[in-house]
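Asks: Each chain, letter by letter, is given below.
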Amino acid sequence: MKILVTIKPVFEEIQMTDPDILKKNFLKNNPDLNLKINRFDDHALEEALKLKGKNTAIEIYTISVGAADSLEILKKTIGKGADKAFLIETETKNANDPDFVSDAVKDVFMENNCDLLFCGMMSEDMMNGVTGLLTASKLSIPSLSGITFIEDISSEKIIVKRELEGGTEQKAELSLPCALNFQAGINKPGYPNVMRMLKADERSIIVKSHEKPDFKNSIKIKDLKLPSKTRKGEILEGSIEDKAKAFVEILKQKKIL
Amino acid sequence: MDKKIILVCDSHANKTDQAKKLINFGQNLYSYLKNEIILVVFNEKNIENFSRKINFGNILNIKTKTHEFGDIISGLETVIEKTDFSYLCFDSSIKSLEQASYLAGKFNASIITNVLKIEDKNQFSRMIFNSKLEAGIKNLKEKCVLTIAGSSFDENDSIFSKNSIEEIEIPHENSDIKIIETMSRSESSSLDNAKIILSVGRGLNSSEEIEKVFEVSKLIPGSSVGCSRPIVDKGLLEYQRQVGITGRSVSPKIYSAFGISGSTQHLFGMKDCEFIISVNNDPHASIFGHSDVCIVEDAVLFLEALKNELEN
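Going line by line, the protein sequences match chains S and V.
Throughout the first sequence, residue numbering follows our numbering, covering 1 to 257 in sequence.
Throughout the second sequence, residue numbering follows our numbering, covering 1 to 312 in sequence.
In isolation and in its complexed conformation, chain S is listed as follows:
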């Protein structure tokens, strides 16, 4: 059985990075910020590795669509236990176009006769959540999102649990081949083995192109700006004690205290 796992390289420390720096780097082909594995994809890879832990006949392939610096990210996936990795080398505008990415993933899935496509349920940068679903549609295979647990798997079907909005959970059965889009926080991704990472070479990481003369982008990302505020956002000044006093004052005004 072969599992293909999509790995999107995203900027490290998005939470703590100044939005202006994110803005300057986002659409660049060679950004100045360090890259890491998209958190959601890391959880999806870990689920694949857990299955391989129980059945060593399972092969895990990883795939990234992006610039050459994504190679380092793919080496990490080899270090974690993936058997082979594919880099579809392309410009950033294509790497953020769901149509381009799903086409590239579809081709690798088919060429390698994969049985399962594992994806994170969204990327931390674009937050679209469509890579796995759109690829599945193009492959005419079933797909579900919000997966939290794999209950059982055979060569013909897989039983999973997933989480929907507002605390609703579902148990579902999908026939293979299929695509699963995993929720974050469902497992603890392990660290890459350095020796395995160092051994990763052109036999384990295959660099390909997916440029087709008749391809036209489906979207164009323009006008990155700071989000508009939905509330006043008054910033309290002073020492931490002053701010704590002000907090308590608000509680009194609002008749909580």
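Note that these hints are calculated values from the structure, not bench results.
Worth double-checking, as some hints may not be accurate.
To be verified - Straight-line C-alpha distance at most 25 Å; calculated BS3-like pairs for lysine-lysine:
id, chain 1, residue 1, chain 2, residue 2
1, S, K225, V, K106
2, V, K178, S, K2
3, S, K222, V, K138
4, V, K218, S, K229
5, S, K229, V, K253
6, S, K106, V, K141
7, V, K307, S, K254
8, V, K271, S, K252
9, V, K271, S, K232
10, S, K93, V, K121
11, V, K121, S, K225
12, V, K138, S, K24
13, V, K15, S, K220
14, V, K143, S, K255
15, V, K271, V, K253
16, S, K208, S, K28
17, S, K24, V, K117
18, S, K106, V, K106
19, V, K218, V, K195
20, S, K245, V, K307
21, S, K229, V, K121
22, V, K141, S, K222
23, S, K106, V, K143
24, S, K212, V, K143
25, S, K216, V, K121
26, S, K222, V, K121
27, V, K307, S, K255
28, V, K143, S, K232
29, S, K157, V, K106
30, S, K54, S, K2
31, V, K138, S, K23
32, V, K253, S, K232
33, V, K143, S, K220
With chain S's structure known, arrange chain V on it following the hints.
Replies: Then chain V, alone, in the frame of chain S:
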């Protein structure tokens, strides 16, 4: 054949609200495109009554045997095959995203998700980078599938007063996805009746740090402790305390967020709170754009200072 804007409303519980939100969006889009709008609903028993309730008359009611993916999709494919669309619009739930992505793949359409605003004829804005930036996304294809996140679209008077309600029946399709069981985890929570919720996020890393918010909560009558998803994922607090899309939507008098960055998913659950105070050491945290009062401090240190102040 004239292109149409198709709005898909497949909600069970909030069908009227969802339909109204989609119609508002569709009518805003109409002002740019002048394409006719059709609202697609599923298994509506009293469609005339529903049409009056939402004040909209161009409705297609699809009757399916089940409400599962295979039947919904085969209904939508039947509609799309005979109706050329410019935009096919869904709400932004996980199930809608699954349908939207499937149809975008099948009909060679572009897909833009979680649309907040219409910027121009073919351009929409949406949040990226955990709501730290807003991006304008231009659709470059003939057909485009959208999922709508925003709820603040202008309400227009109904453009289509003509009553053209149609019903079609779809035979049952065997799907290769079988839903075995649906379970609800939405038992009651102390968050439901709290006057003030003190909510903690990723800025707190251990049970010792989480304990500090409980110490503060003990000093504030009517308060309860909530959290964002990562805290539940790490096993630091139980699911019943999680606020956000996959947790609870809350509406206390005061919502106070400690060390929560403000992901779109979390903001969804707290947007109806009367007053929001946020504490975060990152001055660029997206939650500050959705707060009434912002405190730039380390959440743990601030909880200690707050405890001292309350004890005095």
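Asks: Let me make sure I understand: some of the numbered hints might not hold for this structure. Which ones are they, in numerical order?
Replies: Violated: hints 1, 4, 13, 14, 28.
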